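Heads up: the sequence shown is residues 50 to 285, going by the working numbering.
Errors might be hidden in some of the hints.
[Said to hold, decoys possible] Pairwise CB distance ranges (calculated): (1) G279 / M145: 42 to 52 Å; (2) K65 / G279: 21 to 31 Å; (3) G119 / S190: 20 to 30 Å; (4) Q59 / Q181: 37 to 47 Å.
Calculated from the structure, these hints are not laboratory results.
Treat the numbers as computed from the prediction; the structure is a model and nothing was measured.
We put the CB at the ideal spot given by N, CA and C, even for glycine.
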Amino acid sequence: MFTTPNSVSQDQLIWKMLFDRQTALLHRRAAPAFSQGLARLGLRREAIPDIRELSAVVEAETGWQLAPVGRPFEPAAFFALLAERKFPIVTRIRSMQAFDFSPEPDLFHDLFGHVPMLLDEGLANFLHELGQAYVAQPAGSPAREQLWALYFFTAEFGMVQHESKPCLYGAGLLSSAGEIHHCVNEFTPRPAFDLATVLGTPVTGARYQNQYFMLPAWEQLTECVEELAGMLAVVR
């Protein structure tokens with residue numbers, strides 16, 4: 050994964066610093082599924098986990114595998130992996146210059162933000178259904194853009210009400226201090242999750258989000274799959 054002893058040392062330091070800060074920021078802010086997944090995986094501040102070893106643990110727990118990749122890639126390839134119950138893990142960790150906010154997925158975003166959530170059966174099934182729905186649509190179909198938006202505003206930047214308080218579950222929030230501070234700002238819109246609205250909202254990457262959609266209950270994430278299937282059937 051790494052090329053020189055110095056780069057290994059630097060990457061481990063960045064992992065440790067990010068791990069410490071995010072776990073402190075997420076105390077009482079993260080969705081229960083994230084905290085439970087983090088504990089079950091045994092992720093530690095002291096060392097970047099070996100992706101293959103972690104993949105074996107995830108597969109034993111869920112049937113999903115982790116797929117190391119050199120860099121983020123296009124949605125079509127990404128969703129094709131989800132359809133096979135595989136989650137891509139970027140093997141490069143962010144630089145110190147991008148410590149607060151990484152403009153694209155990196156090792157910390159994927160391992161710390163996404164993998165613990167994969168241990169939640171509801172979210173894992175949701176991602177699998179999204180992957181299958183995406184690959185079933187023809188290239189260039191507007192439905193593919195809608196499915197990307199649904200993924201983006203849930204698995205990347207989603208929030209959920211839990212015991213009457215807002216909690217974070219999207220990996221882009223869980224892995225970024227800057228995004229968390231922007232999200233919890235009282236002036237940042239956090240509208241209630243509505244499937245039709247989410248599907249029609251443009252995706253804006255490489256900067257903080259304009260808004261964050263709030264699930265009223267965790268169960269709605271899986272329930273919206275049936276509603277989505279009906280919409281896609283109409284489109285076809």
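Of the numbered hints stated previously, which ones are contradicted by the structure, given in increasing order?
2
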